[in-house]
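S.K.: The listed protein sequences derive, respectively, from chains A and B.
Heads up: the first sequence runs through residues 1 to 162, numbered per the numbering used here.
Heads up: the second sequence runs through residues 163 to 354, numbered per the numbering used here.
Careful: at least some of the hints might be erroneous.
[As the list claims (entries may be wrong)] Computed list of chain B residues with no C-beta within reach of chain A, every gap over 10 Å:
no., residue
1, Val168
2, Arg178
3, Ala196
4, Thr233
5, Ala234
6, His246
7, Asp254
8, Ala302
9, Glu318
[Claimed, not checked] To give an idea of the chain A side of the interface with chain B (calculated C-beta under 10 Å), a few residues:
no., residue
10, Ala12
11, Trp25
12, Asp38
13, Gln41
14, Leu54
15, Asp55
If you're looking for bench data, these hints aren't it; they were derived computationally from the structure.
If you're wondering where the values come from, they're calculated on a predicted model, not measured in any experiment.
Note that beta-carbon positions come from the ideal geometry of N, C-alpha and C, so glycine has one too.
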Amino acid sequence: MECPAREREKAAVLMEYCARKLDPWSAAVVERHVAQCDACQDWIRAQQAVWEALDAWEAAPVPSDFDRKLYARIEREERPARWSGLLWRLRAVNLRSALSLALASAVLLAALLIRPHPPKPVPLPQQAQVESLDADRLERALDDVEMLRQLNVASSSERQPM
Amino acid sequence: MVAVAVIEPDAQLMLRVKEGDAASFALLLERHRAAAIHFLYRMVQNQAVAEELAQEAFLRVYRARASYEPTAKFTTWLFRIATHLALNSLRDRRSQKVHESLDEVAEEAASRQIADRRPTIEQALLDRARLEDVRRAIAALPDKQRAAVLMHKYEEMEYSQIARVLNCSEGAVKSLLFRAYETLRARLAHLA
Numbered sequence: 001m002e003c004p005a006r007e008r009e010k011a012a013v014l015m016e017y018c019a020r021k022l023d024p025w026s027a028a029v030v031e032r033h034v035a036q037c038d039a040c041q042d043w044i045r046a047q048q049a050v051w052e053a054l055d056a057w058e059a060a061p062v063p064s065d066f067d068r069k070l071y072a073r074i075e076r077e078e079r080p081a082r083w084s085g086l087l088w089r090l091r092a093v094n095l096r097s098a099l100s101l102a103l104a105s106a107v108l109l110a111a112l113l114i115r116p117h118p119p120k121p122v123p124l125p126q127q128a129q130v131e132s133l134d135a136d137r138l139e140r141a142l143d144d145v146e147m148l149r150q151l152n153v154a155s156s157s158e159r160q161p162m
Numbered sequence: 163m164v165a166v167a168v169i170e171p172d173a174q175l176m177l178r179v180k181e182g183d184a185a186s187f188a189l190l191l192e193r194h195r196a197a198a199i200h201f202l203y204r205m206v207q208n209q210a211v212a213e214e215l216a217q218e219a220f221l222r223v224y225r226a227r228a229s230y231e232p233t234a235k236f237t238t239w240l241f242r243i244a245t246h247l248a249l250n251s252l253r254d255r256r257s258q259k260v261h262e263s264l265d266e267v268a269e270e271a272a273s274r275q276i277a278d279r280r281p282t283i284e285q286a287l288l289d290r291a292r293l294e295d296v297r298r299a300i301a302a303l304p305d306k307q308r309a310a311v312l313m314h315k316y317e318e319m320e321y322s323q324i325a326r327v328l329n330c331s332e333g334a335v336k337s338l339l340f341r342a343y344e345t346l347r348a349r350l351a352h353l354a
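I would like the entire structure built from these sequences, with the hints used as guidance.
M.R.: So this is what it looks like as structure tokens:
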């Protein structure tokens with residue numbers, strides 16, 4: 001076995017040995033080499049010291065309100081999305097309502113426009129008016145002539161000696 | 163013979179979340195919240211920021227549920243999001259000169275973390291100093307090396323998974339880890 005302590009690429013074996021991650025066969029090979037290699041013994045001793053020092057560094061316990069805070073953040077984040085979804089739905093409903101209202105208004109207006117109206121006096125054409133006016137005048141003139149004739153008859157009978 | 167792709171349990175849960183199953187999201191949260199918070203705490207070394215980032219990570223998971231496809235392990239995806247958030251936060255905070263507040267938080271965190279284990283005041287002070295050395299040594303690592311070490315050491319992730327989280331090759335991960343542990347060995351040699 002080549003000395004892993006002298007080669008960066010092969011030092012991973014020693015790191016794994018110190019971390020007790022090697023399989024038994026590989027660990028035995030390393031131990032045989034280490035038993036006769038001062039450089040590897042020093043390397044392992046120093047690495048194990050680092051390993052133990054790192055072991056002493058325990059992280060703080062997880063805060064009890066971690067989940068509550070996380071779910072609150074998720075809730076806060078999802079709320080605008082829900083509101084926008086609701087607004088979108090409302091907008092869609094409003095749009096549908098507006099369209100329905102516009103359609104209903106159009107139908108109502110059309111119905112009002114085509115509804116039968118009460119008959120209005122239809123103005124006669126001007127020619128007919130003239131004709132109607134002339135007939136009246138003629139009638140009145142004839143009446144006047146008849147009145148004159150009767151008046152003349154009456155006057156003649158008064159001038160004749162009795 | 164038809165090959166059937168085996169979907170890991172977490173991915174199956176996530177697929178149920180995609181279908182609107184809130185209980186599956188709660189289960190994923192239950193399984194991975196501690197790992198996510200601890201990873202982020204060790205990355206940014208500020209409890210409040212870590213919690214905030216962990217919430218953001220799970221929020222992003224929830225937001226992305228509709229487009230989720232089980233192309234990788236769920237934890238790879240979750241830690242990718244978490245790492246991305248942590249790296250951004252570190253970059254932002256670095257520009258805001260937060261070292262003072264980081265020290266305050268570290269003091270408070272250190273006292274809390276060793277509170278139950280102090281057999282004597284001297285031992286407690288020693289533990290506290292030791293923890294502070296570890297914290298500072300980790301904090302001094304370049305961001306990607308730090309992320310790689312934390313995933314390797316505390317999450318016990320394989321190189322391949324770390325590579326997918328960090329979006330690099332397995333060789334690059336080994337190189338990152340080698341350099342990171344080399345630095346830590348030098349900085350923490352006095353603890354040996």
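S.K.: A separate judgement is required for each hint: does it hold in the structure or not?
M.R.: Structure-based check of all given hints:
1. No beta-carbon of chain A comes within 10 Å of the beta-carbon of Val168(B); the shortest separation is about 22 Å.
2. Against chain A, the non-interface label of Arg178(B) holds: every CB pair exceeds 10 Å, the least being about 16 Å.
3. With a least beta-carbon separation of about 5 Å from chain A, Ala196(B) fails to lie farther than 10 Å from that chain, contradicting its non-interface assignment.
4. With a closest Cβ-Cβ approach of about 24 Å to chain A, Thr233(B) is found to remain outside the 10 Å limit, as its non-interface label requires.
5. A cut-off of 10 Å between C-beta atoms confirms that Ala234(B) is not in contact with chain A; the least separation is 21 Å.
6. Every beta carbon of chain A lies more than 10 Å from that of His246(B), the smallest distance being close to 18 Å; the non-interface claim holds.
7. Even its closest Cβ contact with chain A, about 20 Å, leaves Asp254(B) beyond 10 Å, as expected for a residue assigned away from the interface.
8. The beta carbon of Ala302(B) sits about 14 Å from the closest Cβ of chain A, which is more than 10 Å, so the claim that it is off the interface holds.
9. Not every beta carbon of chain A lies more than 10 Å from that of Glu318(B), the smallest distance being close to 8 Å; the non-interface claim is violated.
10. Taking 10 Å as the C-beta cut-off, the interface hint given for Ala12(A) holds, the closest approach to chain B being about 5 Å.
11. Of the supplied interface hints, the one on Trp25(A) is violated, with its beta-carbon coming no nearer than about 18 Å to a beta-carbon of chain B, more than 10 Å.
12. Here the hint on Asp38(A) is broken, as its CB sits about 16 Å from the closest CB of chain B, past 10 Å.
13. For the restraint placing Gln41(A) at the interface with chain B, the shortest Cβ-Cβ distance is roughly 13 Å, beyond the 10 Å limit, so the hint is violated.
14. For Leu54(A), the shortest C-beta to C-beta distance to chain B is roughly 5 Å, which falls under 10 Å, so the interface hint holds.
15. Taken as an interface hint, Asp55(A) checks out: its beta carbon lies about 9 Å from the nearest beta carbon of chain B, inside 10 Å.
Checked against the numbered hints above, the structure breaks hints 3, 9, 11, 12 and 13 and satisfies the rest.
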